[in-house]
Amino acid sequence: DQQVKQNSPSLSVQEGRISILNCDYTNSMFDYFLWYKKYPAEGPTFLISISSIKDKNEDGRFTVFLNKSAKHLSLHIVPSQPGDSAVYFCAVYRNNNAGNMLTFGGGTRLMVKP
Amino acid sequence: EPEVTQTPSHQVTQMGQEVILRCVPISNHLYFYWYRQILGQKVEFLVSFYNNEISEKSEIFDDQFSVERPDGSNFTLKIRSTKLEDSAMYFCASSVRGVGSPLHFGNGTRLTVT
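Those protein sequence lines, which keep their order, are chains A and B.
Numbered by this note's numbering, the letters in the first sequence go through residues 1 to 114 in order.
Numbered by this note's numbering, the letters in the second sequence go through residues 1 to 114 in order.
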């Protein structure tokens, strides 16, 4: 199942710089998109979301961009902090999904160096 | 902040044995879910539960799996006869509403089948 792909398994960024995490999806029926952060031995923690009627949503240091024509989603973290080091998952909902099933990407491990 | 709690944190069982994983969702949430993550792989959807019945399930959720909300607070996942390939982290999640509402995850139960 490759409906949601995060092509970079890892990303290393210097503290204070921008982190850009990318996600591609294949199904145009997806219409609600989320980013989760996961630390070891913990469950995924919701970060930020965006619906398909928008192309940008911002919450503090986190901004999510949606390019529907390219079926591409990205998460920008500015400025990056060492505490941001974690695995980041994008996740999507289908718009006719009665069961509210989230489909996750494979994750990108972000390392922010002090 | 309210959180989803899961017990036990780690469960070791022998192949063929039954296991019950327990979850207490956030109290005002109406939708409940189980996901799992096999080591090194994606977070995968198992089942969603609303209004005391399964609303959607994946191919993974075969006859060996069942879910139950035995009272007003607990949500359980039972695996009737465990197999080696059931070894994974199992995450419970809950959400206030359906599609478009972020899922809040517990910290997971690590199931090891020997």
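Keep in mind that the hints were calculated from the coordinates and are not lab data.
Heads up, a few of these hints could be off.
In silico lysine-lysine, DSS-like type, Cα no more than 25 Å apart, as pairs [claimed, not checked]:
id: 1; chain 1: A; residue 1: Lys37; chain 2: B; residue 2: Lys83
id: 2; chain 1: B; residue 1: Lys42; chain 2: A; residue 2: Lys68
id: 3; chain 1: A; residue 1: Lys113; chain 2: A; residue 2: Lys54
id: 4; chain 1: B; residue 1: Lys57; chain 2: A; residue 2: Lys5
id: 5; chain 1: B; residue 1: Lys42; chain 2: A; residue 2: Lys5
id: 6; chain 1: B; residue 1: Lys42; chain 2: A; residue 2: Lys38
id: 7; chain 1: B; residue 1: Lys78; chain 2: A; residue 2: Lys56
id: 8; chain 1: B; residue 1: Lys42; chain 2: A; residue 2: Lys71
Source: prediction; values computed, not measured.
Handout entry: Lys42(B) paired with Lys38(A) [C-alpha distance capped at 25 Å]
Key = holds (12 Å)
Problem - Given hint Lys71(A) paired with Lys42(B) - CA-CA distance at most 25 Å - result: holds (20 Å)
Problem - 25 Å Cα cutoff - pair Lys42(B), Lys68(A) - result: holds (23 Å)
Practice task
Below or equal to 25 Å on CA atoms is what counts here, so check Lys57(B) against Lys5(A).
Solution key: With Cα atoms ~22 Å apart, Lys57(B) and Lys5(A) stay inside 25 Å; holds.
Problem - Satisfaction of hint between Lys56(A) and Lys78(B), Cα-Cα up to 25 Å - result: This hinted pair is violated, its Cα atoms lying about 41 Å apart.
Practice task
Compare the distance between the alpha carbons of Lys37(A) and Lys83(B) with 25 Å, and conclude whether the hinted pair is satisfied.
Solution key: Roughly 30 Å separates the two Cα atoms, so the pair is violated.
Practice task
Measure nothing beyond the straight line between the CA atoms of Lys113(A) and Lys54(A); if it is 25 Å or shorter, mark the hint as holding.
Solution key: The hint is violated at about 32 Å.
Handout entry: Agreement of Lys42(B) and Lys5(A) with the hint, judged by alpha carbon distance not exceeding 25 Å
Key = Answer holds: Lys42(B) to Lys5(A) is near 10 Å, not above 25 Å.
The structure fails to meet hints 1, 3 and 7 from the earlier list, while all remaining hints are met.
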